[in-house]
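Which chain is which? The protein sequence lines are A and B, in order.
The first sequence: position 104 = 104 (the working numbering), numbered continuously.
The second sequence: position 48 = 48 (the working numbering), numbered continuously.
If you're looking for bench data, these hints aren't it; they were derived computationally from the structure.
Every value quoted in this text rests on a predicted model; they were computed, and no experiment measured them.
Keep in mind that the hints are not guaranteed to be accurate.
Covered, in the sense of this in silico footprint (three residues per stretch, anywhere, with C-beta under 8 angstroms from a C-beta of chain A), are these stretches of chain B [what the hints assert, rightly or not]:
(1) 69 to 77
(2) 123 to 132
(3) 197 to 206
Pair ranges (Cβ atoms, derived) [stated by the list, open to error]:
(4) A56/A / Q157/B: 44 to 54 angstroms
(5) V83/B / R245/A: 38 to 48 angstroms
(6) G83/A / A145/B: 27 to 37 angstroms
(7) H218/B / Q192/A: 28 to 38 angstroms
(8) I216/A / G150/B: 27 to 37 angstroms
(9) P148/B / S82/A: 18 to 28 angstroms
Selected chain B positions facing chain A (in silico; Cβ < 8 angstroms) [as the list claims (entries may be wrong)]:
(10) G150
(11) G152
(12) I161
Every residue gets a Cβ at the ideal spot worked out from N, C-alpha and C, and that includes glycine.
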Amino acid sequence: MKDMPGTDAPRGALRLMSGNHAVAEGARLARPEVTPVYPITPQTPILEKLTELQSAGEFVTEMLTPESEHSVMATAMTASLSGARVFTATSSQGLMLMHELLHYAAGARATIVMFNVNRTPASPWGFWPDQLDSLSQRDTGWVQLYSESPQDSLDLVIQAFRLAERVRLPVMISHDAFYVSHAVEPVDVPAQDLVDGFLPPFEAEFRLDPDIGRSIGAPVDQATWNQSRRDMAEAMGRVIAEFTRFGAQWGRLTGRVHAPLQLYRTEDAEIVFVTLGSLAGTARVAVDMLRRAGMRAGLVKLCLFRPLPAEALRSALDGVPVALVLDRNYSVGTGGVLHQELKSALHGTANATRVHGLLTGVGGVDVPVEQLVDLAQEFRERVPENGPIWIDGHGR
Amino acid sequence: MNANAFKAKDYKSDVTPIWCPGCGDYHVLMSITKAMADLNRDPKDMAVISGIGCSSRIPAYTNCYGFHGVHGRSLALASGLKVSRPDLTVLVMSGDGDGYSIGGNHFLHACRRNIDMTYIVMDNRVYGMTKGQPSPTTEPDWDSALSPGGTGLSPFQPLVIALASGANFVAREFSGDIKNTTKTIVEAVNHPGFSFVEILSPCVTFRPDERAWKGAVHRASVDETDDPARAARRILTDDGLNTGILYRGKRAPYQAHVKDEAGDAGILDARFKV
Numbered sequence: 001m002k003d004m005p006g007t008d009a010p011r012g013a014l015r016l017m018s019g020n021h022a023v024a025e026g027a028r029l030a031r032p033e034v035t036p037v038y039p040i041t042p043q044t045p046i047l048e049k050l051t052e053l054q055s056a057g058e059f060v061t062e063m064l065t066p067e068s069e070h071s072v073m074a075t076a077m078t079a080s081l082s083g084a085r086v087f088t089a090t091s092s093q094g095l096m097l098m099h100e101l102l103h104y105a106a107g108a109r110a111t112i113v114m115f116n117v118n119r120t121p122a123s124p125w126g127f128w129p130d131q132l133d134s135l136s137q138r139d140t141g142w143v144q145l146y147s148e149s150p151q152d153s154l155d156l157v158i159q160a161f162r163l164a165e166r167v168r169l170p171v172m173i174s175h176d177a178f179y180v181s182h183a184v185e186p187v188d189v190p191a192q193d194l195v196d197g198f199l200p201p202f203e204a205e206f207r208l209d210p211d212i213g214r215s216i217g218a219p220v221d222q223a224t225w226n227q228s229r230r231d232m233a234e235a236m237g238r239v240i241a242e243f244t245r246f247g248a249q250w251g252r253l254t255g256r257v258h259a260p261l262q263l264y265r266t267e268d269a270e271i272v273f274v275t276l277g278s279l280a281g282t283a284r285v286a287v288d289m290l291r292r293a294g295m296r297a298g299l300v301k302l303c304l305f306r307p308l309p310a311e312a313l314r315s316a317l318d319g320v321p322v323a324l325v326l327d328r329n330y331s332v333g334t335g336g337v338l339h340q341e342l343k344s345a346l347h348g349t350a351n352a353t354r355v356h357g358l359l360t361g362v363g364g365v366d367v368p369v370e371q372l373v374d375l376a377q378e379f380r381e382r383v384p385e386n387g388p389i390w391i392d393g394h395g396r
Numbered sequence: 001m002n003a004n005a006f007k008a009k010d011y012k013s014d015v016t017p018i019w020c021p022g023c024g025d026y027h028v029l030m031s032i033t034k035a036m037a038d039l040n041r042d043p044k045d046m047a048v049i050s051g052i053g054c055s056s057r058i059p060a061y062t063n064c065y066g067f068h069g070v071h072g073r074s075l076a077l078a079s080g081l082k083v084s085r086p087d088l089t090v091l092v093m094s095g096d097g098d099g100y101s102i103g104g105n106h107f108l109h110a111c112r113r114n115i116d117m118t119y120i121v122m123d124n125r126v127y128g129m130t131k132g133q134p135s136p137t138t139e140p141d142w143d144s145a146l147s148p149g150g151t152g153l154s155p156f157q158p159l160v161i162a163l164a165s166g167a168n169f170v171a172r173e174f175s176g177d178i179k180n181t182t183k184t185i186v187e188a189v190n191h192p193g194f195s196f197v198e199i200l201s202p203c204v205t206f207r208p209d210e211r212a213w214k215g216a217v218h219r220a221s222v223d224e225t226d227d228p229a230r231a232a233r234r235i236l237t238d239d240g241l242n243t244g245i246l247y248r249g250k251r252a253p254y255q256a257h258v259k260d261e262a263g264d265a266g267i268l269d270a271r272f273k274v
């Protein structure tokens with residue numbers, strides 16, 4: 001998110017709220033018609049707030065609590081495919097229980113928007129911030145966005161509906177457990193009129209409707225299945241341009257622009273952090289500290305992870321000698337997911353950036369600003385290793 | 001039972017429960033450890049399996065082997081264990097959220113399959129761990145911040161479903177009645193096949209109204225039966241608060257194809273002897 005001084009965008013009500021409550025406010029403003037949700041720590045405050053808003057008459061939707069997250073996604077899919085705007089929220093085990101239907105929903109081109117609170121997958125049991133739950137869904141055909149703050153979360157929910165309904169793909173937004181989900185910050189809650197102007201009512205072009213003689217979910221031959229993935233690829237291919245366009249429009253309305261890739265002090269940088277989620281906030285402070293100490297540091301933050309903004313990444317790293325990828329996740333046997341994705345984006349190009357894959361904060365261990373400052377100094381001259389490097393966080 | 005080698009405390013671990021003060025699950029923990037002592041089995045020969053929720057914390061509070069599994073899957077996990085190790089006594093601990101909601105389907109099929117294990121469900125008619133959402137057994141008119149005006153949904157009927165699905169032993173107890181709960185758990189474990197014990201276990205935090213259960217529960221006025229039709233008739237007049245053993249069936253339990261039996265003509269001969 002970048003503030004745009006000089007815009008005279010109308011401000012909504014600035015209120016103190018947690019990341020999860022900001023999600024609920026964003027969902028309220030987006031006016032979904034159907035909202036199936038199953039409670040799970042640490043997502044539950046989203047459900048609580050939605051129920052409270054509904055009870056107060058401020059959130060007019062059909063809310064259901066099905067018997068599991070798997071049923072939530074099934075309910076969401078058919079509601080969406082019959083023409084309703086659908087919102088849901090989950091976390092970790094709930095998201096992974098939905099896995100089968102994540103593929104199905106994307107293949108069926110259901111325009112569901114789902115919020116996921118990033119939490120460690122079991123086992124062992126844990127309730128800590130770690131992004132493996134959503135990153136391991138990267139091949140399901142969902143667009144993936146990552147939020148850094150409660151404000152981001154509110155803004156992205158609204159933009160996600162615009163994007164989903166435009167490209168006809170489901171969109172998942174994630175924020176880190178507790179660091180964002182439960183942290184309380186001032187949040188600008190836009191007026192309903194503003195949101196209505198940005199997000200028109202959902203008019204499903206394709207929908208399950210006997211009146212128009214359409215059915216969804218038929219078995220197909222090989223060529224048709226093959227074509228379905230080409231169609232999804234075409235839709236994914238439009239995401240970056242559409243998200244950029246909607247982000248700019250949202251920026252004109254609110255003063256807050258959400259670009260797929262967000263750069264901070266990278267113009268002349270000799271070293272950059274590359275990350276997503278709440279670690280970006282920590283890294284931004286580290287960048288300022290390093291700059292004060294004489295090192296030209298910068299930050300490359302991914303707001304959009306799927307599709308990966310590969311072109312923008314290549315351009316952002318062009319001429320940057322060193323990149324430290326901070327992964328709060330670990331794909332066992334390979335490394336940090338963002339590290340793999342970034343290396344893949346740079347492979348075969350003339351880019352000479354030395355990319356280090358640092359496993360920082362896996363399992364929710366704390367990553368203090370000072371540690372990032374030390375890591376920048378330590379890795380500045382080092383030859384990168386092919387694999388990931390484990391970094392002991394605070395509490396380990 | 002004085003000659004028993006084990007006392008209830010031998011089955012308790014040194015992990016302190018973190019349930020809310022007044023939670024019925026403390027009493028359930030007492031009852032199961034007392035039942036274990038009455039059964040007089042070495043803690044190492046017992047396994048306690050659970051899913052997710054307040055009730056599912058129990059394995060860590062016992063000294064037996066255990067597995068704190070994923071949400072709703074305790075019966076599937078326990079089935080795998082029991083067919084692999086039929087020598088173990090398997091207790092499966094669940095709650096109305098874990099067992100009847102996300103795990104509801106497993107409940108039906110575990111009753112059908114009739115593997116020799118005991119399924120204990122602590123029913124407080126609310127999702128306690130996620131702070132008070134209505135569960136499948138919540139009354140349709142229970143009005144709360146998280147179910148304004150009530151859900152309007154017909155409650156899940158665990159005893160009816162267990163009976164209809166083929167459970168071999170069906171009972172209901174109240175957590176505060178430790179004596180009877182202990183006795184029923186012992187009976188359930190000793191009865192072959194799939195035994196189901198529903199325990200009314202109040203959640204005083206999110207359902208303070210359940211404090212009244214203490215005065216409202218009563219022993220069933222009719223005796224247990226081995227006739228499913230009679231048991232079904234009794235359930236039709238059930239007020240939801242009568243306790244005791246409802247049904248003790250005669251179905252042969254599921255037989256795992258254990259290694260020792262494979263190709264052992266002696267064992268097969270003995271089994272089919274007329």
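Tested hints:
Coverage of the segment 69 to 77 of chain B by chain A holds [criterion: at least 3 residues with CB-CB distance below 8 angstroms; count 3]. A count of 4 residues in the segment 123 to 132 of chain B with a Cβ less than 8 angstroms from any Cβ of chain A is obtained; the coverage claim is therefore met, three being the minimum. Note: the segment 197 to 206 of chain B has 0 residues with beta-carbon separation from chain A under 8 angstroms; the three-residue rule is not met and the coverage is violated. Under the hint 44 to 54 angstroms, the C-beta atoms of A56/A and Q157/B, about 34 angstroms apart, miss the expected range.
About 57 angstroms separates the C-beta atoms of V83/B and R245/A, a value inconsistent with the hinted range of 38 to 48 angstroms. Judged by the Cβ atoms, the range 27 to 37 angstroms given for G83/A and A145/B holds: they are separated by roughly 31 angstroms. Between H218/B and Q192/A the beta carbon distance is about 54 angstroms. The supplied range of 28 to 38 angstroms is therefore violated. Separation of I216/A from G150/B is about 34 angstroms and conforms to the stated range, judged on CB atoms against 27 to 37 angstroms.
A beta carbon spacing of about 26 angstroms between P148/B and S82/A agrees with the range 18 to 28 angstroms that was offered as a hint. With 8 angstroms as the threshold, the beta carbon of G150/B stays out of range of chain A, its nearest partner Cβ sitting at about 12 angstroms, so the hint is violated. For G152/B, the suggested interface contact is broken, since its CB lies about 12 angstroms from the closest CB of chain A, more than 8 angstroms. For I161/B, the interface hint is violated, since its Cβ never comes within 8 angstroms of a Cβ in chain A; the closest pair sits about 14 angstroms apart.
When each numbered hint is compared with the structure, violations occur for hints 3, 4, 5, 7, 10, 11, 12.
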